[in-house]
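Number of protein chains: 2
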Amino acid sequence: MTIPFNKPFLTGKETKYITDAVNSGKISGNGKYTKLCHLYFQKKFGFKKCLLTTSCTDALEMSAILLDIKPGDDVIIPSYTFVSTANAFVLRGANILFADSMKNGNPNIDANKISDLITPKTKAIVIVHYAGMACDMDKIMEIAEDNNIYVIEDSAQAVDSYHLSNSGKRRPLGSIGHLAAFSFHETKNIISGEGGMLVINDEKFIERAEIIWEKGTNRSAFFRGEVAKYGWMDIGSSFLPSEIVSAFLYAQLEELDSIQKKRKEIWNKYHYEINDLNDHGIQKPNIPDYATNNAHMYYLVFRDLDQRSILIKYLQKKSIKSVFHYISLHSSQYYIDKYVGNGCPNSDKYTNCLLRLPLYYGLDKDSQNLIISAINSFYEYS
Amino acid sequence: MTIPFNKPFLTGKETKYITDAVNSGKISGNGKYTKLCHLYFQKKFGFKKCLLTTSCTDALEMSAILLDIKPGDDVIIPSYTFVSTANAFVLRGANILFADSMKNGNPNIDANKISDLITPKTKAIVIVHYAGMACDMDKIMEIAEDNNIYVIEDSAQAVDSYHLSNSGKRRPLGSIGHLAAFSFHETKNIISGEGGMLVINDEKFIERAEIIWEKGTNRSAFFRGEVAKYGWMDIGSSFLPSEIVSAFLYAQLEELDSIQKKRKEIWNKYHYEINDLNDHGIQKPNIPDYATNNAHMYYLVFRDLDQRSILIKYLQKKSIKSVFHYISLHSSQYYIDKYVGNGCPNSDKYTNCLLRLPLYYGLDKDSQNLIISAINSFYEYS
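Which chain is which? The protein sequence lines are A and P, in order. If you read the first sequence in the numbering used here, its first letter stands for residue 8, the second for the next number, and so on. If you read the second sequence in the numbering used here, its first letter stands for residue 8, the second for the next number, and so on.
So that you can see chain A by itself, here it is in the shape it has in the complex:
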């Protein structure tokens, strides 16, 4: 029996709510469960306006449309992220300026290097809260304000995580930038198989976002009785998910607190029971003072690719599945010919050296003890 890297957690109410949606006769988008999910997020995290989407990718695409990204616009994006962070803006014609990560076990964008990338054509910065750890939002929002640039928080991994500002404010991730995008992919803390959400914090985008969400029509206003018939108003797509997806998601949201509690126990056990491996050049996650931990992921950063490959194979022999993560986008097959810049060495380091350990609700203590002792014993005797 292999210990998998991930195993979707079910609260038990998912199929009950799906059956309810199905029996209500309304399973297309924007029904009862979609609205319940919107309200949940707006109330719990103070997001101004939420719109569920079929994926986090789609929420990022809505952001690009809302910001009127056009050929000739520059968008700053970390190189160490999933392709969708960039693709959503490339689809609208943007030129991507890739930013490097921080050193020292935190793959988030290095806020100190953003200013160097800004040109008169820079329209937006997309930051990614890697592993649910806040980026340096005080600095990033200041740079954005000074340069009149929009900030989009790619919060794919960042549900129920917070940023602590210099001024003492504790704000949920996704509530700080002008827009934010969440993921409910089956690997995330809260899931619906595929799924996502756009968060709109800057109110001026709300009306248009509803239109873009509904295939470029004013159907939402029509259903509220604000217009007599609905028609083609704008570009847009079918961004809204089926009610059976929203019903599934709502069952998960009701259990958010217990899911988070369990994941944090698992995360903390890794953090405190894996030996200090500094002598081997291996780093544990480095959570800054301004960030909280939402236990989305537990990772180690190795000295080099070889060291990581050796451990992956060793764990594999012990029937433990561990996986690496992103591959620097600036040097990807798609972008390498278009890339202008001096490289992103820290992003390349995480590409080669970061390893993720199994972390899911159902990971029992015995399995986790096996993983921890495998790692500890491997380095004790090597």
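Each hint should be verified, as a subset may be incorrect.
Treat identical chains as interchangeable: a pair holds within one or across any two.
As a list, the in silico DSBU-like pairs of lysine-lysine whose alpha-carbon atoms are at most 35 Å apart [said to hold, decoys possible]:
id, residue 1, residue 2
1, 128, 268
2, 23, 120
3, 42, 325
4, 291, 236
5, 42, 320
6, 39, 268
7, 51, 130
8, 51, 33
9, 50, 271
10, 325, 50
11, 146, 39
12, 33, 324
13, 176, 325
14, 268, 51
15, 236, 271
16, 55, 110
17, 55, 320
18, 328, 39
19, 23, 50
Just so you know, these hints were derived from the structure itself, not from any lab. This one's a predicted model, so the numbers in the text were calculated from it and none came from an experiment.
Since chain A is already given, all that's left is putting chain P on it; use the hints.
The following block gives chain P in isolation, referenced to the frame of chain A:
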């Protein structure tokens, strides 16, 4: 109790298959049920390659990306269609040349007027099989071949419908153009709430379609063991649906034949029991010899807007919900300033005069008798 316009039909196995998907631990896209749906369509209708999408809109967007639609390209699209038919191409920068519908109770594109719209910049024709009735595909494919233009079949409403060619071939709609897009929105014959599918008939598009479908990565090839790791290869999006959506859809597909049988009984009852209303200037659907009827929709075309409005209100009083359909896209708020052409009078006629009657699996005989006798008696005494 109002007789609704539509009521989603459930086979009873939807939640069973969803539960199975959920218990398997794999609910993100491209799992067991997605593959079962692909195989079903490929086998039953002979489609070369199928890829489920989160909506028909998304399948159309994939088509636009596959055809490399760019600013400056012309795309011919009927004016009498849903906004997504056009928006998918507008998102890639296309200029839309709107084509008019036929006269005489068939809102499909008038194939005789397509040639006049072709310019050296025309890259594609998107045709819509309205109400599941085939367009004049012999003529359309000939024009496309003569001018080296791609044909996309917007088959949103056209599952299990056929075209009979001059040469005697009987081909499923969606298998004739280079690409085709289907919808499984809750109003369609086969449903998954929101949902769609891209069909690829021209094999040269298959490899790239898989990449575009998986966010621009070669993840599909990776899972088949063809490449060692997957990365950013192309533009793309998260077009694939959650397995819980695919599981729902598969339950529906298993019942396609009985769904179609029931819908055709209802359709035929309308067609033969509603009186001949020609004297009132009202037309019934006019299905050409080259088309079959998949009983997606039963509609009437009225003399004018007033005549239609009066009947809608009359039916409403009798607790019967009837609804109009598309609004000409060439004169929409979004496109009117961009539109170049001499108008689409037939499209405008259907905009003002077409009315759809309730048609769903669960429409019982008593309810349908009520609807039919309401219409017949209204005109008998008027």
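Status of each hint after checking the structure:
Taking the shortest Cα distances, residue 128 and residue 268 never come within 35 Å of each other, neither inside one copy (44 Å) nor across copies (59 Å). When the C-alpha separation of residue 23 and residue 120 is checked against a cutoff of 35 Å, the pair qualifies neither within a copy, at 49 Å, nor between copies, at 52 Å. For the identical chains of this complex, residue 42 and residue 325 are inter-copy neighbours only, at 32 Å across copies versus 45 Å inside a copy, given an alpha-carbon limit of 35 Å. Within a single copy, residue 291 and residue 236 get their C-alpha atoms only as close as 57 Å, which misses the 35 Å cut-off; across copies the closest is 25 Å, which meets it.
When the C-alpha separation of residue 42 and residue 320 is checked against a cutoff of 35 Å, the pair qualifies only between copies, where the shortest distance is 31 Å, while the shortest distance within a copy is 46 Å. For the homomeric pair residue 39 and residue 268, the shortest alpha-carbon distances inside one copy (28 Å) and between copies (32 Å) are both at most 35 Å. Taking CA atoms no more than 35 Å apart as the test, residue 51 paired with residue 130 passes inside one copy only; the shortest distance there is 30 Å, against 49 Å between copies. Proximity of residue 51 to residue 33 under the C-alpha cut-off of 35 Å is found in both arrangements, the shortest distances being 26 Å within a copy and 29 Å between copies.
For the homomeric pair residue 50 and residue 271, the shortest alpha-carbon distance inside one copy (23 Å) is at most 35 Å, but the shortest distance between copies (47 Å) is not. Proximity of residue 325 and residue 50 under a CA criterion of 35 Å is satisfied in neither setting, with 45 Å inside one chain copy and 42 Å between copies. In the homo-oligomer, the alpha carbons of residue 146 and residue 39 never lie at most 35 Å apart, since the shortest distance is 39 Å inside one protomer and 46 Å across protomers. Taking the shortest alpha-carbon separations for residue 33 and residue 324, only the inter-copy value of 24 Å comes in at or below 35 Å, while the best intra-copy value is 49 Å.
Neither within a single protomer nor between protomers do residue 176 and residue 325 lie at most 35 Å apart by alpha-carbon distance, with minima of 45 Å and 59 Å respectively. When the C-alpha separation of residue 268 and residue 51 is checked against a cutoff of 35 Å, the pair qualifies only within one copy, where the shortest distance is 17 Å, while the shortest distance between copies is 48 Å. For the homomeric pair residue 236 and residue 271, the shortest alpha-carbon distance between copies (30 Å) is at most 35 Å, but the shortest distance inside one copy (49 Å) is not. For a Cα distance limit of 35 Å, the shortest separation of residue 55 from residue 110 inside one copy, 34 Å, qualifies, whereas the shortest one across copies, 49 Å, does not.
Proximity of residue 55 and residue 320 under a CA criterion of 35 Å is satisfied in neither setting, with 46 Å inside one chain copy and 40 Å between copies. Proximity of residue 328 to residue 39 under the C-alpha cut-off of 35 Å is restricted to the inter-copy arrangement: shortest distance 22 Å between copies versus 39 Å within a copy. When the C-alpha separation of residue 23 and residue 50 is checked against a cutoff of 35 Å, the pair qualifies both within a copy, at 24 Å, and between copies, at 33 Å.
Going down the numbered hints, you'll see the structure goes against 1, 2, 10, 11, 13 and 17, while the others check out.
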